[in-house]
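*Asks:* So you can see what is in the structure, the chains are spelled out below.
Protein chains: 2
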Amino acid sequence: MDELLNAVKFDEKGLVCAIAQDAASGRVLMVAWMNAEALRKTAETGFAHYYSRSRRKQWMKGEESGHTQKVHELRLDCDGDAVVMLISQNGGIACHTGRESCFYRRWNGSAWETADAVLKDEAEIYGHTHP
Amino acid sequence: MDELLNAVKFDEKGLVCAIAQDAASGRVLMVAWMNAEALRKTAETGFAHYYSRSRRKQWMKGEESGHTQKVHELRLDCDGDAVVMLISQNGGIACHTGRESCFYRRWNGSAWETADAVLKDEAEIYGHTHP
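Residue numbers (my numbering), protein chains in the order written: chain A, 193 to 323; chain B, 193 to 323.
One chain only, chain A, in its complex shape (with noise of 0.2 Å):
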């Protein structure tokens, strides 16, 4: 997996930011970010892995809400401190709100309004609210 790593440009923090894109709507629905661990596992494993900050752990997607994302596809920008993955959404919900995606607010000019609406509860997804 050199060829996979080596063409990343982790930031100071050994992260590398990452988009995951329904495959079938074309719809942003989170951006998270990597360490190499995790890009590695996504690669090997064709599931999305992510490094979360707060809690300074390496996750898979879906592990806790069975929201997992199978990649299709997996692209590297320009610069190589980007990557985006053309993904299948188990369940159709990707922010842990219950929505698609963790996009669902809009700017209309004055304020942000909530433009999408939860699909399922936080507390049915979590079985308690998200931390």
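No lab work stands behind these hints: they were computed from the structure.
Incorrect hints may have been included.
Since copy identity is lost for identical chains, a pair holds within one copy or between any two.
As the list claims (entries may be wrong) - With a Cα cut of at most 25 Å, we get these calculated BS3-like pairs of lysine-lysine:
| no. | residue 1 | residue 2 |
| --- | --- | --- |
| 1 | Lys249 | Lys233 |
| 2 | Lys201 | Lys262 |
| 3 | Lys233 | Lys205 |
| 4 | Lys249 | Lys205 |
| 5 | Lys249 | Lys201 |
Chain B: place on chain A using the hints.
*Replies:* Positioned in the frame of chain A, the structure of chain B alone reads:
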């Protein structure tokens, strides 16, 4: 513009991750950074502005290349540290390499292969090679 900026969680460098997505094709074209001023300018003018970490200054995308990005929709994610813009890409080229998207390298399981063609030479875009 307090409403715009107050919801955003800028990082310790005062930056937020900004994704430009083609409004027509849905393709993710680039990822860059915005400081508060760049975000404000983007919302006010309707054209994407970023902050260059290497040049340490705010810039309007396309100011040199002509490849401006007209913003149709601006969205913020659940934790407020990333925005997605749905844009029209002037000239159909977002990448400084002369490609439609910066994400032109695809992981094929053993190597990053160049998956997209150069549409216009860098020298032609900038009158010189990109620094």
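*Asks:* Hints first: check each against the structure and report whether it holds.
*Replies:* Comparing the hints with the structure gives:
1. Lys249 <-> Lys233: For Lys249 and Lys233, the Cα distance is within 25 Å only inside one copy (13 Å; across copies 36 Å).
2. Lys201 <-> Lys262: Answer is within; shortest intra-copy Cα gap is 24 Å, inter-copy 29 Å.
3. Lys233 <-> Lys205: within (18 Å within a copy, 29 Å between copies)
4. Lys249 <-> Lys205: both (13 Å within a copy, 22 Å between copies)
5. Lys249 <-> Lys201: both (20 Å within a copy, 21 Å between copies)
The earlier numbered hints are all upheld by this structure, with none contradicted.
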